[in-house]
Amino acid sequence: MKKPLFSPIILALLVLLIVVLIPNKWIEGMIPKERINQAATELNPFMFQGKYVQQKMLENKHFLPIYGSSELARLDRFHPSNYFKVTGEEFTPFLIGRGGTESLIHLLNFSEHTNQLKGKKMVFVLSPQWFQPQGTDESHFVPNYSSLQGYDFAFNQKVNPTIKKEAIKRLLKFSPVKDDPFLSTIYQAEITNDPWMKRKASLVRPFAYAYRNLLVKKDLYYSLVGGKPHKREISHKVRDKSWGKLAIQAEKMGSRKSKNNQFCITNGQFNKIKKMVPSLKDSKKGASYGKSPEYDDFQLLLDVLKESGAQPLFISVPVNGKWYDYTGFPKEGRTAYYERIKKQIQSQGFQIADFSNHEYDPYFMKDTIHIGWKGWVYTDKAIKNFYEGKKVEEDLGRLN
Amino acid sequence: MEFINEIITLLAEICQDDIVKENPDIDLFDAGLLDSFGTIELLVQVEERFGIMVPISEFDRDLWNTPNSIALQLADWK
Amino acid sequence: MTPYGSFTFFFIVAILLAPTIILGLQGKRFQTYNMFVTILALGLIFSSTLRGAIALILFTIWQVLLIKSYIAYRKKANGNSIFYLAVILSILPLALSKLMPYFSQVNLIGFLGISYLTFKGIQLIMETRDGLIKKDIPLSRLLYFILFFPTISSGPIDRYRRFEKNFQAEVTADQYKLLLYQGINKIFQGFLYKYIIGYSINHFFIAKLRFYAHSQFEHQLYYMYSYSLYLFFDFAGYSAFAIGVSYIMGIKSPENFNLPFISRNIKDFWNRWHMSLSFWFRDFVYMRFVFWIMKKKWIKNRNLVSNLGYILLFLLMGIWHGLEIQYILYGIYHALLMVIYNSFERFNKKHKWWPQNKFTHAVAIIITFHFVCFGFYIFSGQLFHKGV
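Chains U, Z and H, in that order, give the protein sequences. Numbering-wise, the working numbering puts 70 at position 70 of the first sequence, and it's gapless, one number per residue. Position in the second sequence (first residue = 1) + 400 = the working numbering. Position in the third sequence (first residue = 1) + 478 = the working numbering.
Since the hints were made in silico from the structure, they are not lab data. Note that the Cβ used here is the ideal one computed from N, Cα and C, for glycine as well. Just so you know, not all the hints are guaranteed correct.
[Stated by the list, open to error] Just a few of them, taken from the derived set where beta-carbon distance is under 10 Å, the chain H residues facing chain U:
no.	residue
1	G483
2	T486
3	S525
4	S575
[Unchecked claim] With a Cα cut of at most 25 Å, we get these calculated BS3-like pairs of lysine-lysine:
no.	chain 1	residue 1	chain 2	residue 2
5	U	K272	U	K291
6	H	K655	Z	K478
7	U	K228	H	K774
[As the list claims (entries may be wrong)] Label-pair distances were calculated between CB atoms; the ranges are:
no.	chain 1	residue 1	chain 2	residue 2	range
8	H	F666	U	S139	47 to 57 Å
9	H	S526	U	K158	42 to 52 Å
10	Z	F450	H	A496	23 to 33 Å
11	U	S139	H	S526	21 to 31 Å
12	U	L16	H	L536	37 to 47 Å
13	U	L16	H	S526	26 to 36 Å
14	Z	F450	H	L503	26 to 36 Å
15	U	T87	H	R688	50 to 60 Å
16	H	L536	U	K218	49 to 59 Å
17	H	F485	U	L11	15 to 25 Å
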């Protein structure tokens, strides 16, 4: 430590400079074309929060994006990613979402690609659990929020100003936005008439733009590195089967894998919650998903999809009825959600595959809240019909 | 010289160890012979026996670390 | 803007300090420019909350008036009651800001770093009382010392006489080169500690504890150790940033950590953990208390005096962290450990029950580590609001 040596820091600064100044085109050139295909089932959060890979994916007609949350990671053989792969369907599902990616997160992501959504078919899986009385919170928002998308939203001129303002008001409630000095200034300037705030924002804007460009570059580097493959089941046993046969297969598999409880929950999942089960009995008395700020957040998302001309199919996933009854969660609190969300979606003229009557359908759900096995079979059928341009609602009832 | 010897004798009393006399250049804090409490005992005794008043904040452990250096510092304050 | 909280902060500081570095490398004086940088940096740090900025300004005026008047008074007289009054008035804003939340929704008095600035104020008054600060301190230098921006939010707590030495020193180009080198080293050590190791512990372990722990007990146990390590790397990393930036500004702010997890006993630990704070309490609370009791000869039993001193020190330190139950218990816990260890040390000096060799040394480190971690577990508050 006695002898001052400055060459390492100078070298480090030089490397940093090169990394920052290298043209985006060069990095893009280095990203293998295969990356987009690989990303389809990687469920890589950096990809969700990024831009490049999703942009390339949307350009490619061959992909069908499926937006959702934690259920997407239940990659069993009935999952759309396996089913449509082994049945040789012309499209490949591309999964976007993980635990906590709720309406606001998807809203930012859609806004990032508004100009690519026109006529684009996509699937959106809803979860009743998003619709808590307080709506989404820090613990769900923070890990999924993307600075890049947040900054791009600030500079976004394509999203309808009314929607943008409403969204900004909501986003400003969360710490990564609120505590970001640049972004919060620009956001606040958008929703206020205070001339001082506006001036402050125009001062900040160039710095914010420079930072945004750094984030774009960062996303390119992350895309270059890529993610790691997610554990998934690839099985050909679902090929050349009628929907009815598949449903039976799914039931058999479900009953084999959930033997240690009466709720049709997988053994592994049940073991995790086993100790808490007695204390959860009747613990949710009086609860409801019928009222939540999430409905307004979701409406903003619908508005953005509508404006951009997207063609989404919404999947309304039920809860595990047996389990919810055990915890004392009232039926009214569940149906209030199913009905309200259905109305909200249909009033926009969007299609919905409503599975709310499958609450007590054994092995439709894989655990207390996640769709799996038979639930996926129904979903696969709805997606196939939707992709082929059929009316989904008319053909949900039974599988044969 | 006598003053230095007196100080070292006092230190040996406070540290309860004759090594102080044998090795007057030993670092008292590193060796665990003197701690904050011992320091105060020393300052109180120095004031009572020699009438030298040293403020506590003056006692910098980097400068007052060995019997010899303590004696020299005190000689300065006399 | 939180100091050292974002890349932007480092970037701005780097730009602000570029002239300092250029001046320093040419062997020219740069402290006047540094004062100017401090003003800019303070503006940046406190720009987000107007209330905090006002509180800081009022607090500073209060402390400066107090210190200046006490120095002026001390030149003429040395009354006990005036000294006590000055100390109490110096602590007053901090005490009020800690009590405020119990009476009002908004804390009008508190601001980032108030507890650390209070230490500097009290210390100046005490050293003036001791007759170590005799001359009047120029206003600009006093302000610079109190508001020195690298250490404003959480220390390390510097001492005025040490600070002044650095401030007045003529630094040659070669000396500055070394300072700059050490400063950069420290800052990068900070990145490693806070943003690589500390971040990873929190992000990959603490935040995912529910996947690793199979029972409530395991959960709490893992939390205890991982939180302790996180606390160290986060705070030591922060301190390294503060020290590094200080060095580049020609001020050798004191070290705050010296490998605390290899402490061989609890006393050793407090000489290695958050050193600038524990030394402050040692010098200005414990030693003064013991000195006072011994001189007045109120208590003859030396052991008892020492133990009372420890209890006072750690209770105060606990309360200083906050009035919440976990901080007070943390203080009591460490007071107890010190008292027990003190008795053990005395017993051992007589009976030589615990031999000194490599093996016992290692065992001592392991035992101390666990006791220390349990202390941080109390400190974390996990005991009192489970499941949050």
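Hints and how they fare:
For G483/H, the interface hint holds, the least distance from its beta-carbon to any beta-carbon of chain U being 9 Å, beneath 10 Å. The criterion of a C-beta within 10 Å of any C-beta in chain U is met by T486/H, whose closest approach is roughly 7 Å, and the hint holds. About 8 Å separates the beta-carbon of S525/H from the nearest beta-carbon of chain U, less than 10 Å, and the hint is met. A distance limit of 10 Å between C-beta atoms decides the matter here; for S575/H the minimum to chain U is near 22 Å, and the interface restraint is violated.
Between K272/U and K291/U the CA atoms are separated by roughly 30 Å; this puts the pair beyond 25 Å, and the hint is violated. A distance of roughly 40 Å separates the Cα atoms of K655/H and K478/Z; the hinted pair therefore is violated under the 25 Å criterion. Restraint check: the Cα-Cα separation between K228/U and K774/H comes to about 72 Å, which exceeds 25 Å; the hinted pair is violated. Between F666/H and S139/U, the C-beta spacing of about 32 Å breaks the proposed range 47 to 57 Å.
Under the hint 42 to 52 Å, the C-beta atoms of S526/H and K158/U, about 31 Å apart, miss the expected range. Restraint check, F450/Z to A496/H: a C-beta distance of roughly 54 Å breaks the suggested window 23 to 33 Å. Look at S139/U against S526/H: about 24 Å separates their beta carbons, and that is inside 21 to 31 Å. Taken as a hint, the range 37 to 47 Å holds for the pair L16/U and L536/H, whose Cβ atoms sit roughly 41 Å apart.
Checked against the given bound of 26 to 36 Å, the beta carbons of L16/U and S526/H, roughly 28 Å apart, stay inside it. Here the CB-CB span from F450/Z to L503/H is close to 49 Å, at odds with the stated 26 to 36 Å. Checked against the hint of 50 to 60 Å, the pair T87/U and R688/H fails, with Cβ atoms roughly 37 Å apart. Taking the beta carbon of each, L536/H and K218/U are about 42 Å apart, not inside 49 to 59 Å as hinted.
With their beta carbons about 20 Å apart, F485/H and L11/U fall inside the hinted range of 15 to 25 Å.
Comparing the model with each numbered hint stated earlier shows that hints 4, 5, 6, 7, 8, 9, 10, 14, 15, 16 do not hold.
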